Amino acid sequence: MHFFMLKFFSAAFGLLLQEATSAPMHTAWEKAQNPDLSRFLVIGALLFIIGVAGVLTRRNIIVIFMSIELILNAANLNFIALSRYLQETGNVNAVAGQIFAVFVIVVAAAEAAIGLGIVIALYRNKETIWVDEIDILKW
Amino acid sequence: MYRYIWLVPLLPLAGAAINGLLGRKLRFSEKLVSSIAVGSIALAFLITLAAVYSYTFSSNAIWPQAYVTSQDGTFSFTWIPGGAVRLTQGSHERLSIKLQEEAARKRAALPPQQREQPVLVGGGEEQRSSVLNVEWSYQLDALSSIFMLVVTGVGLCIFVFATGYMHGDPGFYRFFAYMGLFMFSMLVLVMGSNFLMMFVGWEGVGLCSYLLIGYYFDRQEAANASRKAFITNRIGDFGFALAIFGVIATFGTTQYGDVFAQASGYPLEPLGQWGLLSWIALGLFIGACGKSAQLPLHVWLPDAMAGPTPVSALIHAATMVTAGLYMVTRTNVIFQHSQTMMMVVALVGAATALFAATIGITQNDIKKVLAYSTVSQLGFMFMACGVGAFAIGIFHVMTHAFFKALMFLGAGSVIHGMHHEQDMRRMGGLRKYMPYTYLTFLAGWLAICGIIPFSGFWSKDEILWNAAATRYIPVGWIVWIVGTIAATCTAFYMTRLVAMTFWGKEKFLDAPHDHTPEHEVHDHDHETPTHHTHIPHESPASMWVPLAVLAVLATVGGFVGISSAFTGGQHVGGRMNIVNFLDPIIWNPTTRFFGTHHVVDSYGKQPEFKEAHVELSVLTTEPLHVELPPPPYGQEGFNLAHMVESAVHSEALTEWVFIIISLLVAGLGITLGWLFYVKNPRLPDIWASRLRPLYQASYNKYWVDEFFGWAITRRTMDAARAVFAFDSKVVDGAVNGSAWLTKLASRITGGVDQYFVDGLVNAVAAFVVRLMSPLFRAAQTGFAQNYALVMVFGLVAAVALFFGADILKAVQSIFAIGF
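So the protein lines, in turn, are chains A and B. Taken in order, the first sequence gives residues 1 to 139; the numbers are from our numbering. Taken in order, the second sequence gives residues 1 to 819; the numbers are from our numbering.
Derived by calculation from the structure, the hints in this document are not laboratory data. Everything numeric in this text was worked out from a predicted model, so none of it was measured. Take these hints with a grain of salt, some might be off.
[As the list claims (entries may be wrong)] What follows is a list of derived Cβ distance ranges for each label pair:
id: 1; chain 1: A; residue 1: 124; chain 2: B; residue 2: 776; range: 31 to 39 Å
id: 2; chain 1: A; residue 1: 50; chain 2: B; residue 2: 810; range: 14 to 22 Å
id: 3; chain 1: B; residue 1: 787; chain 2: A; residue 2: 41; range: 25 to 33 Å
id: 4; chain 1: A; residue 1: 41; chain 2: B; residue 2: 784; range: 27 to 35 Å
id: 5; chain 1: B; residue 1: 803; chain 2: A; residue 2: 89; range: 21 to 29 Å
id: 6; chain 1: B; residue 1: 796; chain 2: A; residue 2: 124; range: 22 to 30 Å
Just so it is clear, CB atoms sit at the ideal spot from N, CA and C, and this is done for glycine as well.
So that you can see chain A by itself, here it is in the shape it has in the complex:
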C-alpha cells in the first residue's frame, strides 16, 4: 500500500517535473509567467485532499472550519483557472467562473459566521469544541 502510494505521488510529481526538465531554460520563465492549466488543477486537487484530510482527522472544530475553507478555496482556484483558460483559448466572455468564485467567498463568509456562532453556542452548553465529544447529532 505504501509502495503503491509512493509510486502514485512520485508519478504525479514526475509529470510536473517532466515539463520543467524537458523545456529549454529560456522558455521556463515564460512558463512561470503564464503557467499551464494542469498545474493549477493539480494544486487545486492537492488543496482539496488536504482539506478533506483535515476535516476527517482533526478533533478541534476550529481547525475543521479552516479545512473546509481549504476545500472551498480549492474549488475557487479551479473556477478561476478554468475561466482564464477559456479566455485565453478565445472565449473572452467566459467570466462565469470568476463570478462564481466571488459567490463562493460570500457564502463561505456567511457560513463561517453561522458556524462560529454555533460553535460558541455549543461551547457554552457543552464546554468543549472537540468533535469526538459531541455525539448529540444522533438524537
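Got chain A; can you put chain B on it based on the hints?
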C-alpha cells in the same frame, strides 16, 4: 260477391272490439251493445249468403271449381314469409351440404336482384326444395260455404236470443264481446285456406270457449269447468299441432290445395298399415277428439254447461264442437288414405254415440241431458265420416246445428221462464205456460228422434244406412248396430226430457224453489208478482222469434239431403242437394280424384249430375246400374247392406229396409219414453232399482271423471307432491348444506388466518427487524466526522463511477511510462 268474404270474419271482430274495448268505458246501453253485435253478425250473414249464392248458384257461378280463395284478391298477404324447407319424400334428413353448395352456385349464377330468392335444388323426386309460405287468405268452397252459413245464420239467431236472455246482466257488453270474438275465430277456422289459419281459429275458439264457460267467473263451478275445457282441449291441440308439423315436413306447405294435390299421389294404406298419412291422420283425429268431445276427451263438454245457455247453444252445440268434423272432412284425403284411421274414426264415433246416449237417459239437469245428447250426436257425425260418408257427416252437422241450437235455446227459454231452475224434476206441465217454447221444442224433439220428415231423420238415417252399406271399413255392421241402439236411446231420453219438462204435473208448484245465490244476478229483471210465486212465464219476443226460425229450419232443413231412396235412387236437386254440393271436396280413393263425377259414389251407385241445366227439380231418370267397383282398399268384410240385398233381391228395397228400421227404433224410443214418463210414472223408479248397477253407472257418467281424477289428476298431484318434497328436501337441503359448509369453511379459514398467517407475519417481521436493527443502529453514531467520512466515501464512489475508466487509463499510462 265472394271477393268480399274477407269482411265476414272481420265484421264480428270489429263488433267485438267496439263492444269489448269501449263498452265499459263509454257505458254502452244494452240496446247499443246488442245492435252492434247483432248488426255485425247480420251483415256478415248477408255477405255470406250473397257470396255463396254468387259462388254456387248465380248465372256466372264458378262452381264446382274446388277452391276459390282470395289469394289473388284484395285481402291476402303472406302471413309467414318463407324460408327454405326440406321437402321429404322418403328419408327425413336435412338439406345436405352438397345441396347447400348447389344452391349457392345457382344463386351466384342469377342476376343480382334475384339472388335473395330461393332456388330449387336437387334433381329427382327424392331431393326437392320448396318454400314454406303461409298465406293469410280465405277460401270459399262447398265445405266452408256450409260452415259459414251455419255459423253466421245460426249464430245470428242465437245472438238475437242472447239479447233477451242476457238482459240485465252486468257483463252484457263483455258477453257480446266474447261472442263476437268467438264468431271471428270460428269463421277464420272454417274460411282459412291453410292448416295454420285453421289452427289459429282452432285456438281462438278454444280461448273464447274458455272465456264464455267461465263467464260467471265468480262461481267456482264455472271457473273449474272453464279450466277443465281448456286443459282437455290442449291435449287434442297437441295432436293437431303434431299433425300440422307432419304436414309441413311431408308436403312442405300448409295450403290445402297443394297439400291435398300432393297427398292424392300417395299410396293407400290398408288396414293395419301405419304409413306417414296414417300418423298425420291420427294426430288430426286426436285434435278432433278434443274439440268435438269424443271419447275419451268428452269430459269437458257436459261441464261446459256452466256457461250461459246461449253459449251452450252456439259454441257447445252448433258450431265450435263441430270444428272437429270440419277438420276431418277438410282433410278427408288424408283420412281416406288410411283405412285404419277410418275405422278408428268410425268406432270412436259409434262408441261415443252410445256411451253419451246412455248417460243422457239418467241425467236430471236439462242442460246436462242436452250436453250428453250433443256428445252423442257428434259421435254420429264421426261415425258418418269413418264409414266414408263425409258429406252426410256435414249434413248432420247442419241439421244438428238447427235442432240442437233450437233445443238449447228452448232450454234457455225454459230456464229463463223458470227463474233459473235447471232441474227437470221440478218442472212439468210447462206447455200451458210457455206455448211458443213448447211448440218449437217439439220440432227439435221430433227432429232429433228421427221422425220423418223432420231434419234429423234425413241425416241420421243416412248415417245409419251408410254405416250398413259402407265398403270403406269391414266393421260397418258393428257401427250400424251401435248406432241404432244409440238412436233408440236418443229417442228415449229426448222423450223423457220433453215429458218431464212440458208434460204432466206442474211439480214446481209444490216443490220449494231452490233459490241459489249464483242465480241472483239474473233475477232482478223480473220484478213481477210471478217471481215470488214461481209461476213460469213465456219469454219475450227476442227469445221466441229465433226459436221459431230455428224450428222452421229444424223441420224442413233436412230436405237438402233427402235420401236417395225417396227419389229413385239418386241425389236429386243438383247443387241444392248437399251430397252433390259437397261432392267437389270429397276425395275418391278409387279414382284418386276429388268428387264422384267420374265413376261411382261411396256405396257403388252411379250419381247423376245435371247441375248445369236443372236445379231444384226432381229428376225422374232411371238410375244407371253399373257393376260394383272393387272396394277402395282392396278388401271387404261383412257388409250388412249386401246381406239384406241378397235377401230382398232389390237394391231400392234394401235402403227402404234400413229406413224402416231407423223409423221403428225412433218410434220404439218415443213409445218407451211415453210409457215411462207419461203413462206410468212409477216405471222409471222400478226399472232403476231393478237395473241398479246399470242405472248407477249411467247416473254417475260411468265414473269417467272419477277415473280421470284418480288416474290423471291424483297422479299429477302425487308427482307434484313428490317434486315438491324433492325440492324442499334435496334441492333446499343442498342449498342449506352448502351454506353450512361455507360457514364451516369460513370458520376454519378465519382460524388459520388469525393464528397461522398473522402469526407467521408477526414472527417473520419481528425476526427481520431484530436481525437488521443493530446494523442501522450502529450507523447512527452522532459524530459529525463519521457522517463526513460517509460523504467522502460517497464522493469517491461517485468519482469512481463516473471517472473510473479515465483514472484507470491515466494510471495505466503512468505505469506504461514506467519509472
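> Which hint numbers doesn't this structure obey?
Replying inline: Violated hint: only 6; rest satisfied.
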